[in-house]
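J.: Read top to bottom, the protein sequences are chains A and B.
Residues 155 to 382 (our numbering) make up the first sequence, in order.
Residues 246 to 320 (our numbering) make up the second sequence, in order.
Honestly, the hints are just simulated from the structure, not real lab data.
Yeah, the Cβ is synthetic: ideal placement off N, Cα and C, and Gly gets one too.
Keep in mind that a hint or two might mislead.
[Said to hold, decoys possible] Only some residues are given here: those of chain B computed to face chain A with a beta carbon under 10 angstroms:
(1) V293
(2) A298
(3) C309
What follows is each chain in one-letter form.
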Amino acid sequence: VLHATRPLHTSQQRLAPLPPLPEKGGEVRHGLIPEEFFQFLYPKTGVTGPYMLGTGLLLYFLSKEIYVVNHETVAAICILSVIIYGVKKFGADVAAFADKLNEEKVSNAVAVKNAAIKDLETAIEEEKKEQWRLEGRTYLFDAKRNNIAMLLETNYRERLMTVYNEVKKRLDYQVAMQNLKRQKEQDHMIQWVEKSVVQSITPQQQKESIAKCILDLKALSRSAQAAV
Amino acid sequence: GPLSERCLLDVRLGELPMWLATRDLSPQGLLGGVQRAWSSYCDKYINVKRGGAPGVSMLLAGYCLLSYGWSYQHI
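So here's chain A without its partners, still in its complex pose (with noise of 0.2 angstroms):
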């Protein structure tokens, strides 16, 4: 159970990362004993106190035989002087071949840093242009808007003529109905009149007429054959 209250990350050492490690190790002589040493006994003793040291504790130990000389000695010169010679000629080598493999390391996390650094970097471009692109909305709206009162126009006109079209059929009908009842009274009265005037010609008027037509007829005749 975390309590929200318990404060978390007080102390001042946290809020660095953690600091990297120390490039070399603390110095020692002849791989076996630490420089410290040698400058603890430097003030009294000078550059070859330590040595001196040495010699006289190995000398004290073989003599008193608190160490003793038996085949585990010879065992312990031979493997001893075969490290020593390993170590100095391909120490090298591999202190090279363990900073390559450090070195690939460390480049692997750095790549992965820098590429998570440009995909950030990508992504706040992105989102820059988001929303300068969100600025011209005014601008979408606005082209709306034109296009829907323009539809709404069209819409009007559009109708506009289908009421037009439909009153003027109306009236062309009325007209029409108008025209032809004018023709058909004009017909009727004009066959009703010839009707009448072709019944009041009796036969005796119709034989004056033919009479006086020939009469004219011959008289048009003799003014003809005059003329000519």
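Guided by the hints, dock chain B onto chain A, whose structure is given.
T.: Quick look at chain B alone, frame taken from chain A:
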């Protein structure tokens, strides 16, 4: 500084028994001391970017000396 807060290298020879008395000699104290000594040795010689042979050869040499001391009763 005061006697109880100095490390062993800063204690003079005459004050050694007094200094030993101020140390925490309970099992937890001894264990803590051993752990601190081991971690300081590791931080100085092993957990570095370019360590080398001395870091582990000192441990092996100490082990050789210890085992020689333990196995020969005439000492």
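J.: Does B/V293 pass the interface check with chain A, least Cβ-Cβ distance below 10 angstroms?
T.: 4 angstroms, holds
J.: May I ask you to test the interface hint for B/A298 with respect to chain A, counting a Cβ-Cβ separation under 10 angstroms as satisfied?
T.: 6 angstroms, holds
J.: For the restraint on B/C309, tell me whether the closest CB of chain A is nearer than 10 angstroms.
T.: 8 angstroms, holds
Of the hints listed earlier, there is not a single one the structure fails to meet.
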